[in-house]
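Participant: The listed protein sequences derive, respectively, from chains G and W. 109 is the number that our numbering gives to position 109 of the first sequence; each next residue is one higher, with no gaps. 13 is the number that our numbering gives to position 13 of the second sequence; each next residue is one higher, with no gaps.
Please keep in mind that the hints were generated in silico from the structure rather than gathered at the bench. Treat the hints with care, since some could be wrong.
Claimed, not checked - Looking from chain W toward chain G, a few residues come up when the C-beta cut is under 7 Å (computed):
1) S79
2) D84
3) T85
4) Q113
5) N117
6) V121
7) L122
8) M124
9) T132
10) H133
11) S136
12) M179
13) D182
Unchecked claim - In silico negatives: residues of chain W with every beta carbon more than 12 Å from chain G:
14) V53
15) D141
16) Q169
17) G173
18) L212
19) T249
20) E251
21) V255
22) R270
23) G276
24) L281
Please read these numbers as outputs of a predicted model, since none were measured by experiment. C-beta atoms are modelled at their ideal positions from N, C-alpha and C, and glycine is treated no differently.
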Amino acid sequence: MRLITVAGPPSCGKTSVVARACGALMGQGTACAVVKFDCLQSRDGELYREAGVPASVTLSGGLCPDHFFATNLEEAFAWTGETGAEVGIIETAGLCNRCSPHIRGALGVCVIDNLMGIDAPEKIGPMLRMADIVIVTKGDLVSQAEREVYRYRIRQMNRRAVIRHVNGLTGQGCAELAAIMAQAPEVASVTDMKLRFSMPAAVCSYCLSETRIGGRYQKGNVKKARFEEFGGAHAD
Amino acid sequence: MRTEDTPVGTTGGGDTGSDGELAHGEALAYTPDSMTLTAGRDKSGNPEAGDVVFRSGEITALLGPTGSGKSRFLSDIESLACGDTPTGRTLKLDGRAPDADERFALQGRLVAQLTQNMNFVLDMGVRDFVLTHAKSREVEDPEAAASRVLQAANALAGEPFGPGVQLTQLSGGQSRALMIADTALLSWSPVLLIDEIENAGVDKRRALDLLLASDKIIVIATHDPVLALSADRRLVFEHGAVKLVQTRTGEEERVLARLEAMEGEMSRVRGVLRRGERLLLA
Numbered sequence: 001m002r003l004i005t006v007a008g009p010p011s012c013g014k015t016s017v018v019a020r021a022c023g024a025l026m027g028q029g030t031a032c033a034v035v036k037f038d039c040l041q042s043r044d045g046e047l048y049r050e051a052g053v054p055a056s057v058t059l060s061g062g063l064c065p066d067h068f069f070a071t072n073l074e075e076a077f078a079w080t081g082e083t084g085a086e087v088g089i090i091e092t093a094g095l096c097n098r099c100s101p102h103i104r105g106a107l108g109v110c111v112i113d114n115l116m117g118i119d120a121p122e123k124i125g126p127m128l129r130m131a132d133i134v135i136v137t138k139g140d141l142v143s144q145a146e147r148e149v150y151r152y153r154i155r156q157m158n159r160r161a162v163i164r165h166v167n168g169l170t171g172q173g174c175a176e177l178a179a180i181m182a183q184a185p186e187v188a189s190v191t192d193m194k195l196r197f198s199m200p201a202a203v204c205s206y207c208l209s210e211t212r213i214g215g216r217y218q219k220g221n222v223k224k225a226r227f228e229e230f231g232g233a234h235a236d
Numbered sequence: 001m002r003t004e005d006t007p008v009g010t011t012g013g014g015d016t017g018s019d020g021e022l023a024h025g026e027a028l029a030y031t032p033d034s035m036t037l038t039a040g041r042d043k044s045g046n047p048e049a050g051d052v053v054f055r056s057g058e059i060t061a062l063l064g065p066t067g068s069g070k071s072r073f074l075s076d077i078e079s080l081a082c083g084d085t086p087t088g089r090t091l092k093l094d095g096r097a098p099d100a101d102e103r104f105a106l107q108g109r110l111v112a113q114l115t116q117n118m119n120f121v122l123d124m125g126v127r128d129f130v131l132t133h134a135k136s137r138e139v140e141d142p143e144a145a146a147s148r149v150l151q152a153a154n155a156l157a158g159e160p161f162g163p164g165v166q167l168t169q170l171s172g173g174q175s176r177a178l179m180i181a182d183t184a185l186l187s188w189s190p191v192l193l194i195d196e197i198e199n200a201g202v203d204k205r206r207a208l209d210l211l212l213a214s215d216k217i218i219v220i221a222t223h224d225p226v227l228a229l230s231a232d233r234r235l236v237f238e239h240g241a242v243k244l245v246q247t248r249t250g251e252e253e254r255v256l257a258r259l260e261a262m263e264g265e266m267s268r269v270r271g272v273l274r275r276g277e278r279l280l281l282a
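Please construct the entire structure, taking both the sequences and the accompanying hints into account.
Facilitator: Written out as C-alpha cells, the structure reads:
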C-alpha cells in the first residue's frame, strides 16, 4: 500500500483537500482509505463518508495526541490495509505544532492556509519543514502578491518540498495532488519505520493527572523556564 | 534534555522516498505566443460553443451578469485547467496542453492576477511586503523595485500612504492601488487577468495605462461599458459558458467616443465639487 501522512493546523482544510484528492483517485479506480487522528471531537468521519471514502476517526482524548498517534500507527496502517486500499492516508489534527507526524520512507504532506499570519510557516515548524509536499489552501481569499510572499516564506522554511495551491471547496488543484499521492512510496509495514522528528518528552506529574499548582507537586521530567528580567519567557 | 530543534534518534527529514524529483523548475520562464481555453460545459452540463484563443498584446473583455461564469473562466486560466475544474475546460499553450511537470513548473508563474479581493489579510508592513515580494520574484534590485511600486501605488491612490503602515490598515482604494502597482511593476507573467478594476476607488485610466505598458495577454472581467468597448473583443457569458464572441462595430466606435467624453465630464465635475468650487457649464 502507498502510505501518506497529512498534517496541518486546525481548520486549514486538510479533510476537504484529502477527501477531494481521494475522490479523484477513486474516480480512476484507485481504492483509498483514511485514518484520522483527532483530539477532542471530530465530524470528519461524516465528511469522508459523504465523499465515499472509507475512514476511521479516532480521538486522543486526555492523551498527548502526538504520542497517541505514534502508539497507534501500526494499527492504523493495518486498518487501511484491511479496507483493500491501494493508497492509505493518515491524517492528523494540528496537534501542538511541535511535532511532525511524517515518517521516513512515506510521503509527508503538510496543509497550511493563506489566512494565517506571515510567520505561520516558521511557527508550525517541523510539520512543515519535514514535509515533501506543502499544500496551501484559501488562496482565493487573498491577493496574488500575498500568495507569492507566503509561498516565499514557506520556501524559506522548506527548500525541497513541492508547494501547491489547492482549493478544498471547489476542488481546484486536487487532481494534481491526487497524481502526486498516486506516486507515494509503497510501504509493506510501518513497524521499524522511523518518524522524521522526535516527539516532545513528557512523563511529569501532570501527565499522571496531577492538577495542583506548585513545585512540591512536580515530579519526573520537569523543565524549568528562565525568564527575562522584564517579562518574556526564555527557554534553556 | 533535548533541545527544541534537535531530533533524537533521527537525522532530520532527509529521507523522502521516491518523490524527490518533484521539487524542481520553480523559476521556469515561458512566454507563449498563444493561449487556448478549450470549450467546456455550462452549469447544466451542456457543451460550450467553441474554444477561445488569446494572443499577446490583445485585450479581451468578459461580460455577463454576476454568476454567469466570468470568474470561473478566469480561474480556469489561472489554474491551468486540464479538465479538472467544474467547467471541464483545458488550457493549451501554443496549441498543446502542458504535461504534468510543466503545469507544476508554471503554476503561479504564467498568470498575474488582480482579483476582486480589495483588502490584504497578511500581517506585514507595506514596504516589507513589497520588498519580500520583489525578492520572491527574483528581481535584480529589490530595494529599488519596492520603491517604484510604492511610488506608483501612491500616485494611483486617492490618499497617499507611508512605507511603514500595515497592509491591513490600508483603505480599499489604497489596497487596490498597491495591488495594481505591484502587478504592473513586479510581475513578468505573460498573462494578466483583471477582475472588476472599475470598483477600485483608484484612477481607472491611469491604472489601466500602467498595466497595459507591457505586451501581455490581458483578460478583463468587467461591468464597465468603457472598458468593455475599449477591449479588442468581448466574450459574453451566460449560465456558466461563453455565449458570444464580439468585436467593436463602427457604430460602437462612436458610442465609445461619446462615453469617454461623458467620463471626462464626470471626472471634471467630481474634481470641481471636491475642491468646493462652483460648477459652470463646460
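Participant: Tell me, which hint numbers fail for this structure?
Facilitator: none
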